[in-house]
Amino acid sequence: MRLELEKRAEHSRTMAVLSPLLALVLTLISGAIMFALLGQDPVRALYTFFIEPLTASWSLQELVVKAAPLILIAVGLAVCYLSNTWNIGAEGQFTFGAIAGSLLPIVFPGFESPLTLPLMLLMGIAGGMLWGAIPAFLKIRFGANEILTSLMLVYVAQLFLDWLVRGPWRDPEGFNFPESRLFSDAAILQPLADGRMHVGALFALLAVIAMSVILMKTLKGFEVRVLGQAPRAGQFAGFSRNKMVLFAFLLSGGLAGLAGISEVSGSINQLTPVISPGYGFTAIIVAFLGRLNPIGIFIAGFLLALSYLGGEAAQVSLGLSDKTTRVFQGMLLFYVLACDTLILYRIRLTRAYAPSGKEA
Amino acid sequence: MGGYESIILTVITAATPLLLAAIGELVVERSGVLNLGVEGMMIVGAVLGFAGAQATGSAYIGALCALGAGMGLALLFGFLTLHLVANQVATGLALTLLGLGLAGMIGEAFVGQPGIRLERLHIPGLSTLPFIGPVLFGQDLLVYLSLALVAGVSFVLFRTRAGLIIRAVGDNHGSAHALGVSVIRVRYFAVLFGGACAGLAGGYLSLAYTPQWVEGMTAGRGWIALALVVFSTWRPLRLLAGAYLFGAVGILQFHAQAGGVAIPSQFLTALPYLATIVVLVIISRNRVLTRINTPACLGQPFVPDR
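As given, the protein sequences belong to chains A and H, one line each in that order.
In terms of the numbering used here, the first sequence opens at residue 1 and continues consecutively.
In terms of the numbering used here, the second sequence opens at residue 361 and continues consecutively.
Do not take every clue at face value.
To be verified - Interface residues of chain H toward chain A, partial, derived using beta-carbon atoms under 7 Å:
1. 414
2. 443
3. 549
4. 633
5. 635
6. 638
The set of hints was computed from the structure by calculation and includes no laboratory data.
Quick reminder that beta carbons are idealized off the backbone N, C-alpha and C, glycines included.
Could you put the whole structure together from the sequences, leaning on the hints where they help?
What follows is the structure in structure tokens.
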């Protein structure tokens, strides 16, 4: 038995829609097996993980709170990956955006005006862009691999945050806890309804709409795609590879920074040593599951937000490890990538002796 | 002098996991495959190495478990990227994310348990020599293995027919295929070798570097190993120098802290990551050097035509 790939004459549109769904089903099946191995009733575990969080209004709000940063970051990453630029340091840009935006309410707590919040958001975006600009600059100027530099900067940003909240930015009245002071009301993103959901969710919605328009309707969107799929053709068309690297990093960094400051201002209301359950990395999965398409990312963002909530629910009611979430997320990405093969190729198992008889 | 001796000993222990992981990835990349999942394979190696040692009481069996864990994940990566021609960068990331999740889940039972240390070898007569003894003849088996691997990989890659085939596959898979080389099979072997090395590197962390399980204990070492491969311009001997240099950077922070240097600990901890960026920039600046040495088909998918 050998596994063979046969190239399709053109993209399979059916498979493009079906492949994420197929990946999802395979993930659920693998999850059921994993739960069974852990000695749980698989049906009950899957129900707790993926359905129960959808049955209460507070947890639906929580779903939006968790989906918003994922979607914001992932639409930016989609532009990177479409243009073949590999920013995997969104977690660092998220963190640095949160730090930059928090400068105002922490260092100048007396500055309370209608301008406070807009300034914070702008500084958050700028912080994320700055952190994203570093790997872009190193790539353009020196040819340094952006995958590795952007990832290294995640650790640097996290350690910088850790130093700030244990050192200079520690709350003087905080009983020595590693936390900054609480933000004043003027520095807090207002809740949308009675609950945890806040204005940050609207940013995600806006980003999805704006990015859909940019990618589908503008020359820039075309440029992104051409440089990603046919770099040589892009060069002949006069598109600059270097400018695209900078554009992609600034855009994704800025959006990650906005997600960071929104999370801190809207949900946490202060800086703590850890401000993200890995949103920047999970957003990579969101981007791929959403097929690098803003609308798809919107849906995928909610799905992965659900995996966070499900993990918490499973921890509380089944005593499962909260790490189960990460396993689910990792499996999902694996299956998505595997199923995407079906878009370009037909897979068949053959017994036949291939004339060349050479490949494994 | 005891002080220098202990510093050199800690540098060796810090450099060994980097060297193990990087020498494996070097072979993988020489065959034209970019596996970014080193961090994931390492951390699963670390947790299963620890588990294996706990279950059997033997650190050596632990190391074998670590090796097997790395190979298992590498096989998964190979199936996706070689058989299903999935994007190598994305699949490598997936491997890392999955590995971190799996290791965290499996490791929860082991948090806080005392580990079993890989014993240091004792060669009668030699290990007791002053200074030279403990440094040269008193290391654990994996330190010698890592050095032997560097010599072995260097020899195989550049002095044997097998090495020629690996490099041919990495530099021009089309031509290699036309000459009758099974590109996919060669790459599978390379990827599995890389997985074994990465798993072992992880096992070294939980069995020798700090014999215990700590969540996220690889702390980016898999990524630093990837950077070391670039730094070495895909040459084993330069890799050896790089790994020991980074081992020294990693150890520097502990000695600086112990010596009461008035720099916040977070800045010292950030040193290896910053050093990685600096080193990448320095090496990549010389574009001719990198262009000559980078395997030409690195990261490119290969589908045999029929």
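Verification of the hints:
Annotation: interface hint on residue 414 of chain H violated; nearest CB of chain A at approximately 18 Å, more than 7 Å. A cut of 7 Å between beta carbons decides the hint on residue 443 of chain H: the least distance to chain A is about 6 Å, and the hint holds. The closest approach between the C-beta of residue 549 of chain H and any C-beta of chain A is roughly 10 Å, which is over the 7 Å cut-off, so the hint fails. With a cut of 7 Å, the hint placing residue 633 of chain H at the interface with chain A holds, because the nearest CB-to-CB distance is about 4 Å.
The beta carbon of residue 635 of chain H is not positioned within 7 Å of any beta carbon in chain A (closest approach about 9 Å), and the interface hint is therefore violated. For the restraint placing residue 638 of chain H at the interface with chain A, the shortest Cβ-Cβ distance is roughly 10 Å, beyond the 7 Å limit, so the hint is violated.
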